[in-house]
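Asker: Residue numbers (the working numbering), protein chains in the order written: chain X, 6 to 223; chain E, 6 to 223.
One thing to keep in mind: the hints can contain errors.
Said to hold, decoys possible - Derived pair list, reagent style DSS-like, types lysine-lysine, alpha-carbon separation capped at 27 Å: (1) 103/E with 18/E; (2) 195/X with 216/X; (3) 34/X with 103/X; (4) 154/E with 169/E; (5) 55/X with 34/X; (6) 55/E with 26/E; (7) 18/X with 18/E; (8) 18/E with 113/X; (9) 154/E with 195/E; (10) 150/X with 216/E; (11) 216/X with 173/X; (12) 34/E with 18/X; (13) 26/X with 55/X; (14) 150/E with 216/E; (15) 150/E with 154/X; (16) 55/X with 169/X; (17) 173/E with 195/E; (18) 150/E with 150/X.
Don't read these hints as lab results, they were simulated from the structure.
There are 2 protein chains.
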Amino acid sequence: MSELRDFFPVWNKLNKNQQEKLETTAVFKTYHEDEVVHNGTECSGFLIVKSGQLRAHISSEEGREITVYRLFERDTCMFSGSCMMSSLQFDITIEAEKKSEIWLIPPKVFRSLMDESTAVANFMNEIMATRLSDIMWLIEQVMWKSFDKRLAAFLVEESSIEEKSQLKITHERIANHLGTAREVVTRMLKYFQNEGMVKLTRGTIEITDLKALEVLGE
Amino acid sequence: MSELRDFFPVWNKLNKNQQEKLETTAVFKTYHEDEVVHNGTECSGFLIVKSGQLRAHISSEEGREITVYRLFERDTCMFSGSCMMSSLQFDITIEAEKKSEIWLIPPKVFRSLMDESTAVANFMNEIMATRLSDIMWLIEQVMWKSFDKRLAAFLVEESSIEEKSQLKITHERIANHLGTAREVVTRMLKYFQNEGMVKLTRGTIEITDLKALEVLGE
Numbered sequence: 006m007s008e009l010r011d012f013f014p015v016w017n018k019l020n021k022n023q024q025e026k027l028e029t030t031a032v033f034k035t036y037h038e039d040e041v042v043h044n045g046t047e048c049s050g051f052l053i054v055k056s057g058q059l060r061a062h063i064s065s066e067e068g069r070e071i072t073v074y075r076l077f078e079r080d081t082c083m084f085s086g087s088c089m090m091s092s093l094q095f096d097i098t099i100e101a102e103k104k105s106e107i108w109l110i111p112p113k114v115f116r117s118l119m120d121e122s123t124a125v126a127n128f129m130n131e132i133m134a135t136r137l138s139d140i141m142w143l144i145e146q147v148m149w150k151s152f153d154k155r156l157a158a159f160l161v162e163e164s165s166i167e168e169k170s171q172l173k174i175t176h177e178r179i180a181n182h183l184g185t186a187r188e189v190v191t192r193m194l195k196y197f198q199n200e201g202m203v204k205l206t207r208g209t210i211e212i213t214d215l216k217a218l219e220v221l222g223e
Numbered sequence: 006m007s008e009l010r011d012f013f014p015v016w017n018k019l020n021k022n023q024q025e026k027l028e029t030t031a032v033f034k035t036y037h038e039d040e041v042v043h044n045g046t047e048c049s050g051f052l053i054v055k056s057g058q059l060r061a062h063i064s065s066e067e068g069r070e071i072t073v074y075r076l077f078e079r080d081t082c083m084f085s086g087s088c089m090m091s092s093l094q095f096d097i098t099i100e101a102e103k104k105s106e107i108w109l110i111p112p113k114v115f116r117s118l119m120d121e122s123t124a125v126a127n128f129m130n131e132i133m134a135t136r137l138s139d140i141m142w143l144i145e146q147v148m149w150k151s152f153d154k155r156l157a158a159f160l161v162e163e164s165s166i167e168e169k170s171q172l173k174i175t176h177e178r179i180a181n182h183l184g185t186a187r188e189v190v191t192r193m194l195k196y197f198q199n200e201g202m203v204k205l206t207r208g209t210i211e212i213t214d215l216k217a218l219e220v221l222g223e
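All chains should be modelled from the sequences, with the hints used to inform the complete structure.
Answerer: Pasting the structure below:
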């Protein structure tokens, strides 16, 4: 817990009382791969990632999913629905993609900091602006970009995150990131294989022509 | 100008100096139908709608458009790109759908208010949360909802905004709201006409079965 100060972005702009309140109320938790951190409308509070990797996604009534953004070390996120901000009216699920260590700051504590401190309020504005920018980017992708380009860009991104050319990821999981069906992913990956850009084996996708995928995904 | 105080949402939480600064720097402008208020990355500042109706949209390289949200009387909006908030990294166009009267508060003035006043900073957070919710809703629509449902919901919304069952709107304009091509709109409207839900004449769409459109659009 003593490290929260190193991860909370405007720590030095808080007074002693506020810092103490944060340190005594923040909950530190470890989530294993695929564990759900936040679900729908529940009031989880403010989240700070100490380590790991998480994804935020929405899903359709039929169970289709699409990743809205991802969280890495030092990222922060606030989606607690209307309990913290009356205008936040949507449901999102956050789950760990890898083992993740996070702090959760209770909604009432964070809300009171927002009301007391312009530094916290404006830090929140920057997070909101970041999410807004992420989501606008996503709308542009799903509206104007064909699926081959989106899949190519996703593989390039994954390979950059993992720092590997051999990706251990199922077609189902890729489909859930990109908001489509597994069959659509499989079909396109086979096309990529025919073009020499990837090599498919059971449970893995090996990128054999990163440059070509980068060009396609641009 | 004397009315800005009635439209600025946290006016009473500002001190005398701040109120004066707002009143002396805000620019009041009237935009005619179809006039562009804000374009892309330019630094327009903070916008308050006194009267009228505007839409915010993004467009593809090929010129396709989709409406991201709409603004009505008393709505506020801040999309000035990185000149005001470093994390706001996307381009949006705002244009008047009807003759509109708006105040524009210069970015530097609004930014300094955000830094001085938790009321302004948190008001900004509520606006951001509203936009985020609007855009999440839009993603759900374009991802999971078939076009017939989206068009039906759009016609119901238009008829509610205009308080009329006879809508003066071109198929091209509807296509630009919904992010599709004109032909797609025309084809679906003809289908709606065959089903007895609308009656099409030159330049107008008359809603003849609102209930059916409401059910379809749900």
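Asker: All hints are to be evaluated individually against the structure, with a verdict given for each.
Answerer: Verification of the hints:
Our distance criterion of 27 Å between C-alpha atoms is broken by residue 103/E and residue 18/E, whose separation comes to about 32 Å. This hinted pair checks out: residue 195/X and residue 216/X have alpha carbons roughly 18 Å apart, not beyond 27 Å. The straight-line distance between the Cα atoms of residue 34/X and residue 103/X is roughly 14 Å, inside the 27 Å bound, and the hint therefore holds. Distance restraint check for residue 154/E and residue 169/E: the Cα-Cα separation of roughly 20 Å lies within the 27 Å cut-off, and the hinted pair is therefore satisfied.
The straight-line distance between the Cα atoms of residue 55/X and residue 34/X is roughly 10 Å, inside the 27 Å bound, and the hint therefore holds. With a CA separation close to 19 Å, the supplied pair residue 55/E and residue 26/E stays within the 27 Å bound. Pair hint residue 18/X plus residue 18/E holds up; C-alpha atoms about 22 Å apart against a cutoff of 27 Å. The straight-line distance between the Cα atoms of residue 18/E and residue 113/X is roughly 22 Å, inside the 27 Å bound, and the hint therefore holds.
For a cut-off of 27 Å, the pair hint linking residue 154/E to residue 195/E stands: about 14 Å separates their Cα positions. Of the supplied pair hints, the one linking residue 150/X and residue 216/E is violated, its CA atoms being roughly 35 Å apart against a limit of 27 Å. Of the supplied pair hints, the one linking residue 216/X and residue 173/X holds, its CA atoms being roughly 20 Å apart against a limit of 27 Å. Proposed proximity of residue 34/E and residue 18/X is contradicted: the alpha carbons are some 39 Å apart, above 27 Å.
For the given pair, residue 26/X sits about 19 Å from residue 55/X by alpha-carbon distance, which is consistent with the 27 Å threshold. For the hint linking residue 150/E to residue 216/E, the alpha-carbon distance of about 19 Å falls within 27 Å, and the restraint holds. Between the alpha carbons of residue 150/E and residue 154/X the distance comes to roughly 22 Å, so the proposed pair stays at or under 27 Å and holds. For the hint linking residue 55/X to residue 169/X, the alpha-carbon distance of about 23 Å falls within 27 Å, and the restraint holds.
Taking the CA atoms of residue 173/E and residue 195/E, the gap is near 16 Å; set against the 27 Å cutoff, the hint holds. For the hint linking residue 150/E to residue 150/X, the alpha-carbon distance of about 18 Å falls within 27 Å, and the restraint holds.
Against the hints set out earlier in the document, violations occur for numbers 1, 10 and 12.
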